[in-house]
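First to last, the protein sequences are chains A and B.
When the letters of the first sequence are read in order and numbered with our numbering, they come out as residues 1 to 341.
When the letters of the second sequence are read in order and numbered with our numbering, they come out as residues 342 to 682.
Since the hints were derived computationally from the structure, they do not count as laboratory data.
Just so we're clear, the structure is a prediction, and the values are computed from it rather than from any experiment.
A hint or two may mislead.
[Stated by the list, open to error] Distance windows between CB atoms, simulated:
(1) 543(B) to 336(A): 36 to 46 angstroms
(2) 336(A) to 530(B): 43 to 53 angstroms
(3) 105(A) to 391(B): 44 to 54 angstroms
(4) 670(B) to 105(A): 37 to 47 angstroms
(5) 336(A) to 570(B): 21 to 31 angstroms
[Claimed, not checked] So these bits of chain B aren't anywhere near chain A, every CB distance computed over 10 angstroms:
(6) 380
(7) 381
(8) 394
(9) 402
(10) 521
(11) 542
[To be verified] No farther apart than 25 angstroms at their CA atoms in a straight line, the calculated lysine to aspartate or glutamate pairs in the DMTMM-like style are these:
(12) 96(A) to 656(B)
(13) 139(A) to 220(A)
(14) 175(A) to 109(A)
(15) 96(A) to 265(A)
(16) 96(A) to 109(A)
(17) 575(B) to 332(A)
Even glycine gets a Cβ: it sits at the ideal position worked out from N, Cα and C.
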Amino acid sequence: MSSTVALPAHNTSSASRDILHSLLRVGLLPLLLLIVVVGTSLMSPYFLGWLNVLNILRMASFLAIIACGQALVIIAGGFDLSVGAVVALSSVVTAKVMAALSTALGGPELLVAVLGVLAGLGSGFAIGLFNGLCVSRLKVSGFVVTLGTMSATAGIGLLLTNGIPVYGMPNSFVKAIGRSQVLGFPIAIYIGLAIVMVIAFVQRRTLFGRYVYAIGGNQEAAVVSGVSIRRHLVGTYVLSGVLAALVGILLTALVGSGQATLGGDTMMLQSIAAAVIGGVSLRGGIGRVEVVAVAALFLTILSNALNLLHVDSRLQPIFLGLIMVVAVALDEFSRRRMSSV
Amino acid sequence: MSDVNLAAPADPSTVKAPDEKRSLGTEWLRQLALPIAVLLLLGGFGLADQRILSTYNLLNIAQQTSYLALFAMAQMVVILTRGFDLSLGPTVSMVSVGAALSMAAMGGADANGLLVVVAAILGGFALAGLCGLFNGIVVAFLGVSPLVATLGSMNITLGVATTISGGRPVQGIASSFASFFYTGTVFGLPAPIVIALVVGLVLYVVLSRTVFGRSLYIIGTNPQAAAVAGIPVKRLLVYAYMLCSGLAALGALMMTARTGSGQPNLGGTLSLQSIAAAVVGGTSLAGGRGGVGSAVLGALFITILSNGMNLTRIDGYVQMIVLGAIVILGVVIDRLRLETR
Chain A
1 MSSTVALPAH NTSSASRDIL HSLLRVGLLP LLLLIVVVGT SLMSPYFLGW
51 LNVLNILRMA SFLAIIACGQ ALVIIAGGFD LSVGAVVALS SVVTAKVMAA
101 LSTALGGPEL LVAVLGVLAG LGSGFAIGLF NGLCVSRLKV SGFVVTLGTM
151 SATAGIGLLL TNGIPVYGMP NSFVKAIGRS QVLGFPIAIY IGLAIVMVIA
201 FVQRRTLFGR YVYAIGGNQE AAVVSGVSIR RHLVGTYVLS GVLAALVGIL
251 LTALVGSGQA TLGGDTMMLQ SIAAAVIGGV SLRGGIGRVE VVAVAALFLT
301 ILSNALNLLH VDSRLQPIFL GLIMVVAVAL DEFSRRRMSS V
Chain B
342 MSDVNLAAPA DPSTVKAPDE KRSLGTEWLR QLALPIAVLL LLGGFGLADQ
392 RILSTYNLLN IAQQTSYLAL FAMAQMVVIL TRGFDLSLGP TVSMVSVGAA
442 LSMAAMGGAD ANGLLVVVAA ILGGFALAGL CGLFNGIVVA FLGVSPLVAT
492 LGSMNITLGV ATTISGGRPV QGIASSFASF FYTGTVFGLP APIVIALVVG
542 LVLYVVLSRT VFGRSLYIIG TNPQAAAVAG IPVKRLLVYA YMLCSGLAAL
592 GALMMTARTG SGQPNLGGTL SLQSIAAAVV GGTSLAGGRG GVGSAVLGAL
642 FITILSNGMN LTRIDGYVQM IVLGAIVILG VVIDRLRLET R
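For reference, chain B alone in the conformation it holds in the complex:
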């Protein structure tokens, strides 16, 4: 079945008939299509401007990708179950101001050490957890379509984010927090990249090797069959939405550390960007197909595209048009893949 389904080797529907020899070559080609596109994009921009391939900029791209990759992974988890999370962007804003406020309550920029970092993390994750719980319960137990449920919670989280912050940036980020999530390095790698790598690996294992992860694929492929097979569909859906919000919260903490304050509009267009990254990477909106690899590749592709367009001084408005075209192209290709199978 799937070609970009790197994280789902054991998905029952991926089992191919053994006589499909001819498609093996094209199968490989399809798997490599996006990585090749990423390299071509990088090479093309490199020809246009030497600076794009400099070590400094490549590291910069990797760092920027780590934020979007986290959000794309978050979105991917719920898209696997035929869901959506439109509240992801406002959740990021809400977590950002929530974490900043809890740091400010602990003494603000003067307070240092582990305690204030823990306070920020707890504050952020508590808010995100509530949002995920709300989404999950409304979708799974009240039977509301994910689109409306998260559209509703998007408005609610947006209201909460601007209300608790008063609509203004919240100052007072502790330097220990900034070093933990932004300025710190591990073996020379910036903290955001390390965090994204670790989270990606853990999520990969969870999705491909645990009962929870495998169940998400089955729920997305065929919810009725999943229920009949005894999978606690409703409970797992709630977990999926909470996992999504949790991953978004982590990305929000990283972005808060980077901007140095809690921003009530930090999330901005992230809901749509994360969906775009997931879809371009090959996560299918029909559910059940996708994985960590596809989410990260999609995020990388979009980051390189916007980084390259920025450095080659392409108008920001033109970039919006290009992003829109890429999203449409992504689903069209996804559709063609489904049909040629």
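Isolated chain A, as found in the complex:
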């Protein structure tokens, strides 16, 4: 089992190998990114248009926020299939609460908006807590638990709305969060950047971040070292749920209504794809959220480019699937070469 809790290199040759490896790991993705960007901008005049760039950055921020949570869960050795459904649930809950408060209070829109956002985040917190408790207390596989909560959460979202979009949010909320810009960029981009930076810091400099690596790298060793496994596992799932809920709220503000169809399976699969392409190992213990964010940007640009180049939307999943498998196979390959020496 390889672990990232960086051990000092034993000799120079393994140190140079490490450098080579990290070059391969970090270098491949920006290179691919560059190829797609340059290639597409040569072929389509719309690609580098300001509106399209903003659109890409906004979508990439949504994906990056969810993928950061997903990455933490995977690094700790788990899996969160429920993120897409949580996006939908938080969207519905936020819109419902805001609509209900607006009619009940009629009062200050700021209060209504804050309470609505808190309710939305709360729904993500609750689902994450449930996932985390099932995984840590009952010791069942995260994959299956979140498979179950995915179905249940999607069901609750649809049940609350009957599949009909929920309107009636305060206008100022939609304007301020969804459609306003600061220094020319939508607010979602700042939020995405801030979250990636904070989590990158948490991963490097906080006990929680280090313990998450330790748990994913070698759970027994973590237990023996006195790490409280349960608390930190619950923490990763809660964080993943809350981040997914945040994206649900941002999307709700963007489209101006609460919809049980937001997020869904596509978002869940893409968050896993971003994490995996971003170098997060499904064996746990390895991965950096800033690389994951770059992978999210890459995936968003790729699908945007395929759209602009008029590639049949039916063919697009094939690209995504192949890229995922190739990325992980390369990762596995380089790991084997490293461990065999």
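With the hints as your guide, set chain B onto chain A.
Relative to the frame of chain A, chain B by itself:
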């Protein structure tokens, strides 16, 4: 060791210490827990609505179960080896349109006789075989985790299914095909039930009486030990994934005959449903435990549950929540079983 491991009497790890007299009673109880739950469920729904216990509906349940049972068996084969097949659902879609297209190429609804059935079967199984081969090679030889490998192939098969069909249903199912896989009867039993029974029996024999089957259990219980014991782990893993796709293809042909056209979205949620059925039946995600009996019982349980909820007019969204809860309950019970041993 195992309690639901009906198909694995000779599994080396099932050998119990002879002094465990006390657990014999509870052992029986555990084996009978799911059958009893199935009967209770049937009785409970029967009290709520008389029609549920009518011969017509019981036959209907048996027929519906035969599809899910095939998919659950397919999933079980790879779960035995600590794997997963998330591409099962899209494979079903791909086989459905592939078979319909090959029938259309043979003359469509006008062409009858054995030849067109053979063409459909060949077309369907060829596509499924390729998908299984891809999954197997990526998992076994490239060392990619089954989750990512099949997540990738899920996207690819989805793309293939929608591309070759143009996203539209493919018409032109020959009546001989429909009679072979759907309308025909053997001794008064509908074809789907007969096919599922025959396949179940064959698979039971393969898993419990052949070297291949026994090896799958050993690979799932302890891959390293299997490799040391001289089992060609990689090759058998490829076979397991191909067997999984093949069984899924058979179910897909049966469903295509029932719907009367090749449907690019036939698979829908089948990946998750088949995993749910296998897990509820008692197939352990830790590998090495499970069998035909558990897969069929799990499929029966879920079919009765959804049939009963439909007939008692329980909201479809509530059904999603119930299904999620059942999946979580299934793994929790599986976990408790492992711990009390």
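Hints and how they fare:
1. 543(B) to 336(A): 36 to 46 angstroms: 37 angstroms, holds
2. 336(A) to 530(B): 43 to 53 angstroms: 51 angstroms, holds
3. 105(A) to 391(B): 44 to 54 angstroms: Given about 50 angstroms between the Cβ atoms, the range holds.
4. 670(B) to 105(A): 37 to 47 angstroms: 40 angstroms, holds
5. 336(A) to 570(B): 21 to 31 angstroms: The hinted range 21 to 31 angstroms holds for residue 336(A) and residue 570(B), with Cβ atoms some 22 angstroms apart.
6. 380: 24 angstroms, holds
7. 381: Check passes; 21 angstroms lies beyond 10 angstroms.
8. 394: 27 angstroms, holds
9. 402: Correct as stated: the minimum Cβ-Cβ distance to chain A is 21 angstroms, above 10 angstroms.
10. 521: 30 angstroms, holds
11. 542: 29 angstroms, holds
12. 96(A) to 656(B): Measuring from Cα to Cα gives roughly 20 angstroms; hence the hint holds.
13. 139(A) to 220(A): 14 angstroms, holds
14. 175(A) to 109(A): 12 angstroms, holds
15. 96(A) to 265(A): 23 angstroms, holds
16. 96(A) to 109(A): 14 angstroms, holds
17. 575(B) to 332(A): 16 angstroms, holds
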